[in-house]
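Participant: With the sequences and hints as input, model every part of the structure.
Protein chains: 2
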Amino acid sequence: MQALEQKILSEGIVLSDQVLKVDAFLNHQIDPVLMQQIGHEFAARFKDQGITKIITIEASGIAPAVMAGLELGVPVIFARKHQSLTLKNDLYKAQVHSFTKQTTSTIAISNKYLHATDKVLVIDDFLANGQAALGLIDLIHQAEAEVVGVGIVIEKSFQTGRQLLLDKGYRVESLARVESLNDGQVTFVRD
Amino acid sequence: MQALEQKILSEGIVLSDQVLKVDAFLNHQIDPVLMQQIGHEFAARFKDQGITKIITIEASGIAPAVMAGLELGVPVIFARKHQSLTLKNDLYKAQVHSFTKQTTSTIAISNKYLHATDKVLVIDDFLANGQAALGLIDLIHQAEAEVVGVGIVIEKSFQTGRQLLLDKGYRVESLARVESLNDGQVTFVRD
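Which chain is which? The protein sequence lines are F and A, in order. Everything in the first sequence is counted per the UniProt record's numbering, starting at 1 for the first residue and increasing by one. Everything in the second sequence is counted per the UniProt record's numbering, starting at 1 for the first residue and increasing by one.
If you are wondering where the hints come from, they were derived from the structure by calculation, not from laboratory data. A portion of the hints provided could be inaccurate.
[Stated by the list, open to error] Think about it this way: if two alpha-carbon atoms lie no more than 25 Å apart in a straight line, the pair counts; the simulated DSS-like pairs of lysine-lysine are:
#	chain 1	residue 1	chain 2	residue 2
1	A	K21	F	K112
2	F	K21	F	K7
3	A	K168	F	K112
4	A	K119	A	K101
5	F	K101	A	K112
6	F	K81	A	K81
7	A	K21	A	K93
8	A	K93	F	K21
9	F	K81	A	K21
10	A	K101	F	K81
11	F	K112	F	K81
12	F	K93	A	K81
13	A	K81	F	K21
14	A	K81	A	K119
15	F	K93	F	K81
16	A	K119	F	K93
17	A	K7	A	K81
18	A	K112	F	K7
19	A	K93	A	K112
20	F	K112	F	K93
21	F	K81	A	K47
22	A	K7	A	K21
23	F	K101	A	K93
24	A	K168	A	K93
25	F	K7	F	K81
26	F	K101	A	K81
27	A	K112	F	K21
28	F	K93	A	K112
29	F	K101	F	K81
30	F	K119	F	K168
31	F	K112	A	K119
32	F	K81	F	K119
33	A	K21	A	K101
[Claimed, not checked] Derived, one-sided and incomplete: chain A residues facing chain F with beta-carbon distance under 7 Å:
#	residue
34	H28
35	Q29
36	I30
37	P32
38	E58
39	A63
40	P75
The C-beta atom is built at its ideal place from N, Cα and C for all residues, glycine as well.
Facilitator: Structure representation (structure tokens):
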């Protein structure tokens, strides 16, 4: 997706050969127009799949997921990383390990909003080692719903997540595929 | 805002005379069409104010704020409640006390995205005691930017937040104003 790649090149910051910081338009400040374009692109790639729900994780997945939900005409559920007062019982839970932060956290959704009849699109901001996406897929399976695919805003293609998801049979659509962050430069995968 | 009040009446759950749960369309599952309507309404109320930025707090403020940002044509910054790896230095920070949870947390934004020339709209999902809004206003003041007003999706008008903000001279626009949750019933303030 060209507008996204341009934004990454102009406003992304390469912190190391592993870490791309996009706080300028996705992870802290959000560009709503770009989010709308991203939602449009996800919808174009997954239309005609009968999707009934989108699932994502707080906080950075919410903006792209809601824009995709608007285009596809379906609700969005965001998994919570921290249990809140009004969301205590009847949860599906999964463990997500972050290799970047070296932490394991629990993500959870209420069992009220996902059902066995749902066809679910997973959306997240980044795909690195695939652990967050697998955690969300775990929640979907607990609801006995169907995983239609995984939509990612920025994929770090030099990490293992994409292949891990493909090997398990999931369709992965990443709007920007970063081939390398070497030497402080972002290069993209070209098909 | 009638569509929002209808949604609260049909899908909100009154947990006590203090707590209204709207996990069905705002705080956990999100209704993107309603969020678009909410963004439209915020934009209508605050247009012609020269707003340059919107600020909110993760996670539930993001969807309405991004839709308002799309309508107003301005970026959205979401304050973080938990420090992340790629967001460590050069922060504005404020303390936010939650009377509901009886906790005090630190919220933070990078100083890169707010400047003294900015005219800022604060958006949040709920207004109860006003502590979250005041925390966001504190961050805006640290940047020496201007607070244009506070846009709230659901105001609990029987709590002190609205008056606290008005007394400090801030404009408050709440799209639904809940007068009471007594006897398990939601009633709204009528002007």
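Participant: Run every hint past the structure and note whether it holds.
Facilitator: Now the hints, each set against the structure:
The straight-line distance between the Cα atoms of K21 (chain A) and K112 (chain F) is roughly 13 Å, inside the 25 Å bound, and the hint therefore holds. At most 25 Å may separate the alpha-carbon atoms for a hinted pair to count; K21 (chain F) and K7 (chain F) meet this at roughly 12 Å. A C-alpha spacing of about 41 Å is found between K168 (chain A) and K112 (chain F), which places the hinted pair above 25 Å, so the restraint is violated. With a C-alpha separation of about 31 Å, the suggested pair K119 (chain A) and K101 (chain A) falls outside the 25 Å cut-off, and the hint is violated.
This hinted pair checks out: K101 (chain F) and K112 (chain A) have alpha carbons roughly 23 Å apart, not beyond 25 Å. Taken as a hint, the K81 (chain F) and K81 (chain A) pair is honoured in the structure, with Cα atoms around 12 Å apart against an allowance of 25 Å. Between K21 (chain A) and K93 (chain A) the CA atoms are separated by roughly 28 Å; this puts the pair beyond 25 Å, and the hint is violated. With a C-alpha separation of about 20 Å, the suggested pair K93 (chain A) and K21 (chain F) falls inside the 25 Å cut-off, and the hint holds.
Of the pairs offered as hints, the one joining K81 (chain F) and K21 (chain A) holds, with about 18 Å between alpha carbons and a cut-off of 25 Å not exceeded. The straight-line distance between the Cα atoms of K101 (chain A) and K81 (chain F) is roughly 16 Å, inside the 25 Å bound, and the hint therefore holds. With a C-alpha separation of about 17 Å, the suggested pair K112 (chain F) and K81 (chain F) falls inside the 25 Å cut-off, and the hint holds. As the CA atoms of K93 (chain F) and K81 (chain A) are separated by approximately 22 Å, the hinted pair is consistent with the 25 Å bound.
With a CA separation close to 18 Å, the supplied pair K81 (chain A) and K21 (chain F) stays within the 25 Å bound. With a C-alpha separation of about 23 Å, the suggested pair K81 (chain A) and K119 (chain A) falls inside the 25 Å cut-off, and the hint holds. Our distance criterion of 25 Å between C-alpha atoms is met by K93 (chain F) and K81 (chain F), whose separation comes to about 10 Å. For the proposed pair K119 (chain A) and K93 (chain F), the alpha carbon gap of about 41 Å is over 25 Å, so the pair is violated.
This hinted pair does not check out: K7 (chain A) and K81 (chain A) have alpha carbons roughly 28 Å apart, beyond 25 Å. Between K112 (chain A) and K7 (chain F) the CA atoms are separated by roughly 17 Å; this keeps the pair inside 25 Å, and the hint holds. Taking the CA atoms of K93 (chain A) and K112 (chain A), the gap is near 13 Å; set against the 25 Å cutoff, the hint holds. At most 25 Å may separate the alpha-carbon atoms for a hinted pair to count; K112 (chain F) and K93 (chain F) meet this at roughly 13 Å.
A C-alpha spacing of about 35 Å is found between K81 (chain F) and K47 (chain A), which places the hinted pair above 25 Å, so the restraint is violated. Of the pairs offered as hints, the one joining K7 (chain A) and K21 (chain A) holds, with about 12 Å between alpha carbons and a cut-off of 25 Å not exceeded. Taking the CA atoms of K101 (chain F) and K93 (chain A), the gap is near 22 Å; set against the 25 Å cutoff, the hint holds. Restraint check for K168 (chain A) and K93 (chain A): the C-alpha separation of about 20 Å stays at or below 25 Å, so the hint holds.
The hinted pair formed by K7 (chain F) and K81 (chain F) fails the criterion: a straight-line CA distance of about 28 Å is larger than 25 Å. This hinted pair checks out: K101 (chain F) and K81 (chain A) have alpha carbons roughly 16 Å apart, not beyond 25 Å. Proximity of K112 (chain A) to K21 (chain F) is assessed by CA-CA distance (about 13 Å); at most 25 Å being required, the pair is judged to hold. Proximity of K93 (chain F) to K112 (chain A) is assessed by CA-CA distance (about 36 Å); at most 25 Å being required, the pair is judged violated.
About 14 Å separates the Cα atoms of K101 (chain F) and K81 (chain F), which keeps this hinted pair within 25 Å; it holds. Between K119 (chain F) and K168 (chain F) the alpha-carbon distance is near 17 Å, which keeps this suggested pair within the 25 Å criterion. Proposed proximity of K112 (chain F) and K119 (chain A) is contradicted: the alpha carbons are some 40 Å apart, above 25 Å. Simply put, K81 (chain F) and K119 (chain F) have alpha-carbon atoms about 23 Å apart, close enough for the 25 Å limit, and the pair holds.
Distance restraint check for K21 (chain A) and K101 (chain A): the Cα-Cα separation of roughly 14 Å lies within the 25 Å cut-off, and the hinted pair is therefore satisfied. Using the Cβ-Cβ criterion of 7 Å, the hint placing H28 (chain A) at the interface with chain F is satisfied: the shortest such distance is roughly 6 Å. With a cut of 7 Å, the hint placing Q29 (chain A) at the interface with chain F holds, because the nearest CB-to-CB distance is about 5 Å. The criterion of a C-beta within 7 Å of any C-beta in chain F is met by I30 (chain A), whose closest approach is roughly 4 Å, and the hint holds.
A least Cβ separation of about 4 Å between P32 (chain A) and chain F falls short of the 7 Å threshold, and the interface hint therefore holds. Against a cut-off of 7 Å between C-beta atoms, the interface hint on E58 (chain A) holds, since the closest Cβ of chain F lies about 4 Å away. Interface restraint check for A63 (chain A): the shortest CB-CB distance to chain F comes to about 5 Å, inside 7 Å, so the restraint holds. The restraint placing P75 (chain A) at the interface with chain F holds, with a minimum CB-CB distance near 5 Å, inside the 7 Å limit.
Checked against the numbered hints given earlier, this structure breaks hints 3, 4, 7, 16, 17, 21, 25, 28, 31; the rest are met.
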